[in-house]
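Just so you know, the protein sequences line up as chains A and B, in that order. So for the first sequence, the numbering used here puts the first residue at 6; every next one is plus one. So for the second sequence, the numbering used here puts the first residue at 6; every next one is plus one.
Think of the hints as simulated: they come from the structure by calculation, not from any bench. Since we're looking at a predicted model, the values are computed, not measured. No residue lacks a Cβ here, since even glycine has one placed at the ideal position from N, Cα and C. A few of these clues could be false.
Said to hold, decoys possible - Ranges of calculated distance between the beta carbons of each label pair, as one might list FRET restraints:
#1 B:Ile192 / A:Arg17: 45 to 55 Å
#2 A:Gly154 / B:Gln147: 40 to 50 Å
#3 A:Glu238 / B:Asp74: 46 to 56 Å
Unchecked claim - Computed footprint of chain B on chain A; a stretch qualifies when at least three of its residues, placed anywhere within it, have a C-beta under 8 Å from a C-beta of chain B:
#4 22–36
#5 142–153
#6 216–229
Number of protein chains: 2
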Amino acid sequence: MLIIGERINSSRQTINQAIKNQDAEFIRAEARAQAKAGAHYIDINAGSFVGQETEYLCWLAEVVQEVTDLPLSLDSPNADAVAAALEIVKGPAIINSISLESRRLAGMLPLIKKYKSKVVALCQSDEVMAATADSKVNIARQIITLLTGEGVPIRDIYIDPLVYPVATEGQSARNVLQAIERIMGLIPGVHTICGLTNISYGLPARRLLNRTFLVAAMSHGLDAAIIDPTDRELMASLTAAEALLGQDEFCARYIKAYREGKLT
Amino acid sequence: MLIIGERINSSRQTINQAIKNQDAEFIRAEARAQAKAGAHYIDINAGSFVGQETEYLCWLAEVVQEVTDLPLSLDSPNADAVAAALEIVKGPAIINSISLESRRLAGMLPLIKKYKSKVVALCQSDEVMAATADSKVNIARQIITLLTGEGVPIRDIYIDPLVYPVATEGQSARNVLQAIERIMGLIPGVHTICGLTNISYGLPARRLLNRTFLVAAMSHGLDAAIIDPTDRELMASLTAAEALLGQDEFCARYIKAYREGKLT
Numbered sequence: 006m007l008i009i010g011e012r013i014n015s016s017r018q019t020i021n022q023a024i025k026n027q028d029a030e031f032i033r034a035e036a037r038a039q040a041k042a043g044a045h046y047i048d049i050n051a052g053s054f055v056g057q058e059t060e061y062l063c064w065l066a067e068v069v070q071e072v073t074d075l076p077l078s079l080d081s082p083n084a085d086a087v088a089a090a091l092e093i094v095k096g097p098a099i100i101n102s103i104s105l106e107s108r109r110l111a112g113m114l115p116l117i118k119k120y121k122s123k124v125v126a127l128c129q130s131d132e133v134m135a136a137t138a139d140s141k142v143n144i145a146r147q148i149i150t151l152l153t154g155e156g157v158p159i160r161d162i163y164i165d166p167l168v169y170p171v172a173t174e175g176q177s178a179r180n181v182l183q184a185i186e187r188i189m190g191l192i193p194g195v196h197t198i199c200g201l202t203n204i205s206y207g208l209p210a211r212r213l214l215n216r217t218f219l220v221a222a223m224s225h226g227l228d229a230a231i232i233d234p235t236d237r238e239l240m241a242s243l244t245a246a247e248a249l250l251g252q253d254e255f256c257a258r259y260i261k262a263y264r265e266g267k268l269t
Numbered sequence: 006m007l008i009i010g011e012r013i014n015s016s017r018q019t020i021n022q023a024i025k026n027q028d029a030e031f032i033r034a035e036a037r038a039q040a041k042a043g044a045h046y047i048d049i050n051a052g053s054f055v056g057q058e059t060e061y062l063c064w065l066a067e068v069v070q071e072v073t074d075l076p077l078s079l080d081s082p083n084a085d086a087v088a089a090a091l092e093i094v095k096g097p098a099i100i101n102s103i104s105l106e107s108r109r110l111a112g113m114l115p116l117i118k119k120y121k122s123k124v125v126a127l128c129q130s131d132e133v134m135a136a137t138a139d140s141k142v143n144i145a146r147q148i149i150t151l152l153t154g155e156g157v158p159i160r161d162i163y164i165d166p167l168v169y170p171v172a173t174e175g176q177s178a179r180n181v182l183q184a185i186e187r188i189m190g191l192i193p194g195v196h197t198i199c200g201l202t203n204i205s206y207g208l209p210a211r212r213l214l215n216r217t218f219l220v221a222a223m224s225h226g227l228d229a230a231i232i233d234p235t236d237r238e239l240m241a242s243l244t245a246a247e248a249l250l251g252q253d254e255f256c257a258r259y260i261k262a263y264r265e266g267k268l269t
């Protein structure tokens with residue numbers, strides 16, 4: 006399971022404040038904590054700062070790279086900001102995100118190819134925010150065809166089926182689970198990825214719903230997630246699901262996590 | 006989700022002792038606690054007492070029925086014990102369990118028909134303890150054909166795909182998940198049921214693995230489980246999974262459970 010640590014996001018109040026104050030040490034601590042907790046990528050987002058997004062995204066990239074060698078997830082629909090960040094990012098990055106929206110795609114595609122970036126692709130086009138499983142799979146198929154046609158390796162593509170709150174759309178989680186299973190079957194090597202927090206929007210005990218949804222999604226084939234790796238119970242659920250789903254040989258990582266006191 | 010409360014089982018030390026001592030109040034307290042925690046059936050098992058199983062199973066049935074109107078799950082492969090218990094059980098019961106093993110079946114089939122009992126049927130025959138998904142589905146199909154041919158309504162049949170420890174058989178959970186999905190698709194109205202505790206045998210933090218497995222199984226269609234309903238975290242996971250899977254209109258039960266302090 007590929008884990009993208011989601012905490013350094015300007016929509017969060019504390020991060021927003023830290024960016025505004027150029028509090029590098031606060032950002033560094035967030036990066037270190039997520040690396041220690043098991044993140045494979047560190048997501049950075051400065052989208053709340055219209056007009057200054059490019060400047061702040063680059064600042065975040067620099068600051069995070071001071072304390073970890075983990076690759077970055079560049080979280081922006083803005084090709085100019087992503088282009089500037091890619092200039093200073095050391096290793097390969099993941100671009101989070103593109104979609105079939107033509108304007109968004111036109112700016113990002115040259116970057117994906119130039120920097121051989123991995124890419125998160127949302128099941129979303131100019132006309133459609135995919136809600137049904139059929140619609141999600143349809144758009145996924147179009148994105149995969151387009152990206153592989155441009156020479157992007159299938160293993161670099163992470164399809165995000167879009168998650169809507171179950172409080173307002175009761176079949177939302179079911180549609181995502183079905184879509185994940187069908188997208189993973191479209192072509193060997195493709196990945197699926199989700200953020201979790203949308204699913205529980207408007208309901209209480211959200212962390213319980215989020216980790217329950219993660220387990221269900223993993224059992225349907227989800228192999229990447231944008232999550233908070235410092236959420237102890239979430240990571241325990243993820244570790245248990247990997248052991249159950251045959252993704253942890255001899256349950257070795259599960260037993261190690263138990264010995265380190267991470268499961269109870 | 007149908008919940009069969011598993012606690013009154015003679016393989017548990019405290020229950021074994023209570024049966025031996027004919028401590029009716031201890032058994033009553035276990036029945037009451039499970040009813041309060043949300044069980045729909047109370048399972049009773051006296052299988053540890055060879056030679057006295059019939060006597061003790063009937064005693065358990067009487068004692069439990071003193072404190073709850075919930076129906077009973079008669080947990081025995083012994084047709085004589087089940088027959089005697091059915092004589093004193095007030096309402097409809099569930100027989101737990103039969104299989105395709107010819108001796109077991111020969112004794113139980115007349116009881117199922119006479120008492121219009123529901124029945125748990127294991128994916129197991131004289132020759133096979135089904136391990137692969139194909140083998141589980143095959144035996145399930147044979148059992149369903151046989152039972153419906155005898156006039157048992159499909160809605161009264163609960164197929165148990167058999168769960169083996171993931172510690173010794175890494176694909177065990179995956180096989181069960183696939184089997185559940187395929188069995189639920191065989192014929193509308195059929196049910197699937199699991200015990201959970203086998204899955205985690207030999208591993209630490211077993212309750213975490215059990216509830217993680219329950220969520221994955223529910224997301225593949227499992228609609229009944231033999232569990233300990235007094236396990237608070239297990240029930241929270243179950244309640245969250247029902248909300249996510251569209252089995253809890255407007256998430257009303259989930260919100261009620263939250264208000265009652267059951268989710269955190």
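Against the structure, the hints:
As the Cβ distance of B:Ile192 to A:Arg17 is approximately 49 Å, the hint placing it in 45 to 55 Å holds. Here the CB-CB span from A:Gly154 to B:Gln147 is close to 48 Å, well matched to the stated 40 to 50 Å. A:Glu238 and B:Asp74 have their C-beta atoms about 36 Å apart, which leaves the hinted 46 to 56 Å range violated. With 0 residues bearing a CB less than 8 Å from a CB of chain B, the region 22–36 of chain A misses the requirement of three and the coverage assertion fails.
Under the rule that three or more residues need a Cβ within less than 8 Å of chain B, the assignment of the region 142–153 of chain A is violated, with 0 such residues. With 7 residues having a beta carbon nearer than 8 Å to a beta carbon of chain B, the region 216–229 of chain A meets the requirement of three or more and the stated coverage holds.
Checked against the numbered hints given earlier, the structure breaks hints 3, 4, 5 and satisfies all the rest.
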